[in-house]
Amino acid sequence: MPVDELTALDADRLAPHLGEAPGTVDATTIGRSAGRRRAGLTGQYALLVVLAALVLAPVVFTLIQALSSPAEYIQADTPFHPVAVDWKDRTWFSGGLGSVLGRTALVFVALAWAQLAAAGGSFAHPQALAAPRRLGAVVTGTVAVALLTTPVFGALRDRSGGVLALWLLAIVVVAATQALGMVEPDRAPWKAALLALSTAVAVVSVAIVGTGAAVWTNSWDQGRLGPALWRSFVVAVLITVAQVVTSVLAAYAFAFLRFPFKPLVFAFFMGTLLLPLEVTLLANVQTIRELGWIDTNAGLVLPFAATAFGTFLVRQGFRGLPPELQDAARLDGYGHLAFLWRFAVPLTRPVIASFTVISALGAWNQYLWPQAVIDEGSGQTAQIRLRGIVGIEIANANEGVAAALIVALPVVLLLVAFQRQIIRGLTAGAVKG
Amino acid sequence: MGPVNGRETALAALFLLPSIVVFVVFAYRPFLNIVYWGTFESRRNGSYHESVGLAQYREQLASEDFREGLWHSLQFVLLTVPTGVVFGVLLAVVAHRRLKGIKVFQAIFSSTLASSVAVTSAVFFYLFNPVVGLIPVDWLQDPDRAMAAVAIPSIWQNLGLSFVIVLAGLQAVPDEVIEAATLDGYGPVRRLLRITLPLISPVLLFLLVVLVIFGMQVFAQVDILTGGGPIGATETAVFKINRLNRPDNIGIGAVYSVGLFGVTLLITALQFLILERRVHYAR
Amino acid sequence: MASVTFDRVSKRFDDVVAVDQLDLAIGDGEFMVLLGPSGCGKTTALRMIAGLEAISDGTLSIGDRVVNDVEPARRDVSMVFQSYALYPHMSVARNIESPLIVRKYHVDGPDGPERKLTKAERRARVDEAARVLDLTPYLDRKPAALSGGQRQRVALARAFVGRPQAFLMDEPLSNLDAKLRAQTRIELVDLHRRVETTVVYVTHDQVEAMTMATRMAVMSMGRLQQVGTPHEVYEAPANLFVAQFVGTPPMNTLAGTVTTAGGGPAVLVGESRFPVPPGLVTRLEEGRPVVVGARPEHLTLADGGPIVAKVRAVEWLGHERLVAATVGDAAIVVRQPGTGPEASGATVGLTVDPAHVHVFDPDTTARLP
Numbered sequence: 001m002p003v004d005e006l007t008a009l010d011a012d013r014l015a016p017h018l019g020e021a022p023g024t025v026d027a028t029t030i031g032r033s034a035g036r037r038r039a040g041l042t043g044q045y046a047l048l049v050v051l052a053a054l055v056l057a058p059v060v061f062t063l064i065q066a067l068s069s070p071a072e073y074i075q076a077d078t079p080f081h082p083v084a085v086d087w088k089d090r091t092w093f094s095g096g097l098g099s100v101l102g103r104t105a106l107v108f109v110a111l112a113w114a115q116l117a118a119a120g121g122s123f124a125h126p127q128a129l130a131a132p133r134r135l136g137a138v139v140t141g142t143v144a145v146a147l148l149t150t151p152v153f154g155a156l157r158d159r160s161g162g163v164l165a166l167w168l169l170a171i172v173v174v175a176a177t178q179a180l181g182m183v184e185p186d187r188a189p190w191k192a193a194l195l196a197l198s199t200a201v202a203v204v205s206v207a208i209v210g211t212g213a214a215v216w217t218n219s220w221d222q223g224r225l226g227p228a229l230w231r232s233f234v235v236a237v238l239i240t241v242a243q244v245v246t247s248v249l250a251a252y253a254f255a256f257l258r259f260p261f262k263p264l265v266f267a268f269f270m271g272t273l274l275l276p277l278e279v280t281l282l283a284n285v286q287t288i289r290e291l292g293w294i295d296t297n298a299g300l301v302l303p304f305a306a307t308a309f310g311t312f313l314v315r316q317g318f319r320g321l322p323p324e325l326q327d328a329a330r331l332d333g334y335g336h337l338a339f340l341w342r343f344a345v346p347l348t349r350p351v352i353a354s355f356t357v358i359s360a361l362g363a364w365n366q367y368l369w370p371q372a373v374i375d376e377g378s379g380q381t382a383q384i385r386l387r388g389i390v391g392i393e394i395a396n397a398n399e400g401v402a403a404a405l406i407v408a409l410p411v412v413l414l415l416v417a418f419q420r421q422i423i424r425g426l427t428a429g430a431v432k433g
Numbered sequence: 001m002g003p004v005n006g007r008e009t010a011l012a013a014l015f016l017l018p019s020i021v022v023f024v025v026f027a028y029r030p031f032l033n034i035v036y037w038g039t040f041e042s043r044r045n046g047s048y049h050e051s052v053g054l055a056q057y058r059e060q061l062a063s064e065d066f067r068e069g070l071w072h073s074l075q076f077v078l079l080t081v082p083t084g085v086v087f088g089v090l091l092a093v094v095a096h097r098r099l100k101g102i103k104v105f106q107a108i109f110s111s112t113l114a115s116s117v118a119v120t121s122a123v124f125f126y127l128f129n130p131v132v133g134l135i136p137v138d139w140l141q142d143p144d145r146a147m148a149a150v151a152i153p154s155i156w157q158n159l160g161l162s163f164v165i166v167l168a169g170l171q172a173v174p175d176e177v178i179e180a181a182t183l184d185g186y187g188p189v190r191r192l193l194r195i196t197l198p199l200i201s202p203v204l205l206f207l208l209v210v211l212v213i214f215g216m217q218v219f220a221q222v223d224i225l226t227g228g229g230p231i232g233a234t235e236t237a238v239f240k241i242n243r244l245n246r247p248d249n250i251g252i253g254a255v256y257s258v259g260l261f262g263v264t265l266l267i268t269a270l271q272f273l274i275l276e277r278r279v280h281y282a283r
Numbered sequence: 001m002a003s004v005t006f007d008r009v010s011k012r013f014d015d016v017v018a019v020d021q022l023d024l025a026i027g028d029g030e031f032m033v034l035l036g037p038s039g040c041g042k043t044t045a046l047r048m049i050a051g052l053e054a055i056s057d058g059t060l061s062i063g064d065r066v067v068n069d070v071e072p073a074r075r076d077v078s079m080v081f082q083s084y085a086l087y088p089h090m091s092v093a094r095n096i097e098s099p100l101i102v103r104k105y106h107v108d109g110p111d112g113p114e115r116k117l118t119k120a121e122r123r124a125r126v127d128e129a130a131r132v133l134d135l136t137p138y139l140d141r142k143p144a145a146l147s148g149g150q151r152q153r154v155a156l157a158r159a160f161v162g163r164p165q166a167f168l169m170d171e172p173l174s175n176l177d178a179k180l181r182a183q184t185r186i187e188l189v190d191l192h193r194r195v196e197t198t199v200v201y202v203t204h205d206q207v208e209a210m211t212m213a214t215r216m217a218v219m220s221m222g223r224l225q226q227v228g229t230p231h232e233v234y235e236a237p238a239n240l241f242v243a244q245f246v247g248t249p250p251m252n253t254l255a256g257t258v259t260t261a262g263g264g265p266a267v268l269v270g271e272s273r274f275p276v277p278p279g280l281v282t283r284l285e286e287g288r289p290v291v292v293g294a295r296p297e298h299l300t301l302a303d304g305g306p307i308v309a310k311v312r313a314v315e316w317l318g319h320e321r322l323v324a325a326t327v328g329d330a331a332i333v334v335r336q337p338g339t340g341p342e343a344s345g346a347t348v349g350l351t352v353d354p355a356h357v358h359v360f361d362p363d364t365t366a367r368l369p
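Residue numbers (the working numbering), protein chains in the order written: chain B, 1 to 433; chain E, 1 to 283; chain G, 1 to 369.
In case anyone wonders, no lab produced these hints; they're calculated from the structure.
We treat Cβ as the ideally placed atom computed from N, Cα and C, and that holds for glycine.
Possibly wrong hints are sitting among the right ones.
[Unchecked claim] Take a look, some chain E residues computed to stay more than 12 Å from chain G by CB distance:
| # | residue |
| --- | --- |
| 1 | Thr9 |
| 2 | Val173 |
| 3 | Ile178 |
| 4 | Thr182 |
| 5 | Ser201 |
[To be verified] Calculated pairs, DSS-like style, for lysine-lysine (alpha carbon to alpha carbon, straight line, at most 27 Å):
| # | chain 1 | residue 1 | chain 2 | residue 2 |
| --- | --- | --- | --- | --- |
| 6 | E | Lys100 | B | Lys191 |
| 7 | G | Lys116 | G | Lys142 |
| 8 | G | Lys119 | G | Lys142 |
| 9 | E | Lys103 | B | Lys191 |
| 10 | G | Lys104 | G | Lys116 |
| 11 | G | Lys104 | G | Lys119 |
The whole structure should be built from the sequences, with the hints applied where relevant.
In structure tokens form, the structure reads like this:
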């Protein structure tokens, strides 16, 4: 089955480096007088802000829509104004053990990520977190969030006036806890303060809005998102694993093994790029039907178990290894399997990582195929579930919007965590070298 | 690489087998099936198919319905691709500079990568809704505006991809060439048009081809936003094919599939032929 | 043609000072080489002349004009980049023509108005530049179809065609192979002689500096160490850095103490005794720690000489030998013509002409006059 990345209108195909090349020079301000340069700078920032606002506008409006129950403001006849957000819990500790643990864990992880990022690390390199002051910052921060958002929840539920003040108090205190972990000898204090403050604003606000508003749980329950998300997750993992394994093996064959008709076989692989799912849909559905794989994981995964794009990508990575490496390994007595496992794969880890993430993204975002192969009802993936949710009942529109945001969340997290890998994979085809 | 080796060939066969099986079963064989099925018309509501050879091809490819589907897909391409490339260039050019905090803006511009077609469509469904959304008029129900309304979410979603691709292209342009142009007296606009754009033309062509292929395959947006309506105004080729996935229509669906394949292939080939000559490749 | 004057010019990138209060007056028609190791600020200084880097402090003038805030294209300079920076999508002719298309020039004489060139005028200048640099047969090719040396000439032609007041060159020879480099050095000096334009040339290769410069400015860590003719810099280095940077193999420098005993001041390095230059103005007190320097070609093997060295290795180059030895703990190199009987491990005596000895202050690293 040709790569499903070709069907989804998502970003999965190509990935360049975002903001990494240090030489991103701007020739607009070089050589101008100081005054013109300053004006040029303000102009540029203004333009950037305007464009960023345009890009983010749908997201912002959507968030507002998710938080406002339509019934209330339909009557008030004002568009998308958050007339009344339905708040679920009175305190941080209400709503059941699962809920409390969930939100506490969420805050803990978010603060840990912030501390790591500020120290230049990441979840892949978490050594910085071992420092007691950073760990302390995360722990005290979590406690602060739990304690200080409780009155905020209460105030929101009661619609009392002190909401803003309490919210700001929570932000300031949490920022203080984070600042301790973000101070560095070579970092200007105002920078550390800014980092701590932005972390606090983000975490506190997300904690309050994300875990306090009722719409998320309502949407989850009404939309039966749990099983759908799980199904998407299972299918995505299976597809990703299958694609990575088949692509690495095939790429190895192309890069390191000698066999007859190699160009022909390569053309055979690349030819599948011309046969996307849209073209072969009807026959593939028929095949799945005949095999009895309708609505099974096999039916959802196997057509995508191999990909020419991935094979090409990994092959490029393998070809980048020095040719002497294989000779040296052979002299040391390593056979092909050993060479693959101990040398080829570890040394091309970045490329394989990029491909893995893109593969996962593509698999998660699939629409056409699951739609064709899953009957209405229980086995729907998250994307298909959205279609069922997006519907006629406008009175519960906010739940529909919230559902879309919930389904988008895993990908957002993936993008934040693996931005570099995604971008590298996406532009591998576009830019040479 | 050296002479062919029996043992390596066996190993290669083993490594390639899984992929080959998948490709045969789910790409090549289905395609051949599709082509073959196109020669069968269904009778008695799908319970029996009669071979009519190429007659069905001739009839269906010329049909109003197919052309309409193709035209809607094409409309979608025309609406999303030029804007996609232009905005991609705009965002990338603006964000490709050494400014403090530029990474934040770059992250924002690329953020639409995080949205899937289904999520984007759902989000814009509500934004377009006259009651709860931003616009008092219901474009999605307006036959004249529906296609444009379906295109807008995709334009937004493509921003991330276009931005990321064009930015990579810009990053590959050597700084010193831009500096040389500055010394030669080229202003920012001239630098962009005469130096930068020609030098990233391969990347732009790549983006163009990718967006066109995506565009021709549009389905989910239509499925979620309009369900093909109003009055079939947004039924794209793939949408129609998907709907023809029934025993009593499968022959017609097969013909449409082959037709879509052919048209996409043609358009892609044309793009390369016409534009490749104007694309500059540096060594 | 014009002079280029740096008046206490500094450049800062955030917290890093790339160029620190540079005072340098480059004369009209000079071939000034900015020499130094990577990161010394020479390229930054060059780019400031071009206007590609903004100036943090100080005043930069080209001719009589202060150009701190003048746009690069209006400074009437041209630049040859290290990577040549040719426009890959344009032909050689178009590349060379490029500076003439948008910019205005004093075509009708230095007192006339500035105006754009006509197509015919541009064509004429391009042909002239191509002729001077032997590029006429390649005018229609694209840079990718040229060799490295040819591309460099295109870069030169493009720099030359606008008849700028100053040529700026950023390590233009570094991408050429050794043979081509030697050849191009000569061609560049010849070109300079013919067009008589001020050249500011950046390199880390002191051979290029010595052979091409009318004057050279040695820089290190953003600061100017010394400016002077190659001869001055070689014979009278201002400090230890210059002494060791210019000259191959580098000057031998040894730490020692002054002694006034035994018939006149000298520097004792362990058992060895270095004479002090006769014209030395500075008063040297007994026991003062100094650094003494002598170039490899000024040390001579002499039985019973005052400098005692233990031979480590001898490298025979055909026309001369390089004897690597140690005086005490310090490693030195001696250049010796022809062949000799010295074997490794032997202890030899060396002597040196006092006029060729340099004495440096170990703290300030400056040469004592």
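**Message:** With the threshold set at 27 Å, check whether the alpha-carbon distance from lysine 116(G) to lysine 142(G) stays at or below it.
**Reply:** holds, 26 Å
**Item:** Nearest-CB test (12 Å) between chain G and threonine 182(E)
**Value:** The claim is violated: threonine 182(E) sits with its nearest Cβ about 5 Å from chain G, within 12 Å.
**Message:** Checking one constraint from the list: CA of lysine 103(E) to CA of lysine 191(B), max 27 Å. Satisfied?
**Reply:** holds, 16 Å
**Request:** Against chain G, does valine 173(E) hold up as non-interface, every C-beta pair farther apart than 12 Å?
**Result:** Violated, because the least Cβ-Cβ distance between valine 173(E) and chain G comes to about 10 Å, which does not exceed 12 Å.
**Request:** Say whether it holds or is violated: serine 201(E) keeps its Cβ farther than 12 Å from all Cβ of chain G.
**Result:** violated, 8 Å
**Prompt:** Taking the minimum C-beta separation from isoleucine 178(E) to chain G, is that value above 12 Å?
**Reply:** violated, 8 Å
**Prompt:** Given the hint that lysine 104(G) pairs with lysine 119(G), does the C-alpha gap stay at or below 27 Å?
**Reply:** Status holds; Cα separation ~13 Å.
**Prompt:** Under the criterion that the straight-line Cα-Cα distance not exceed 27 Å, is the pair lysine 104(G), lysine 116(G) satisfied?
**Reply:** Roughly 4 Å between the alpha carbons, so the hint for lysine 104(G) and lysine 116(G) holds.
**Asked** Is it true that the CA of lysine 100(E) sits at most 27 Å from the CA of lysine 191(B)?
**Response** holds, 13 Å
**Asked** With d taken as the least Cβ-Cβ distance between threonine 9(E) and chain G, does d exceed 12 Å?
**Response** holds, 39 Å
**Prompt:** Taken at face value, is the distance from the CA of lysine 142(G) to the CA of lysine 119(G) at most 27 Å?
**Reply:** Answer holds: lysine 119(G) to lysine 142(G) is near 21 Å, not above 27 Å.
The structure does not agree with the numbered hints 2, 3, 4 and 5 stated previously, though it agrees with the rest.
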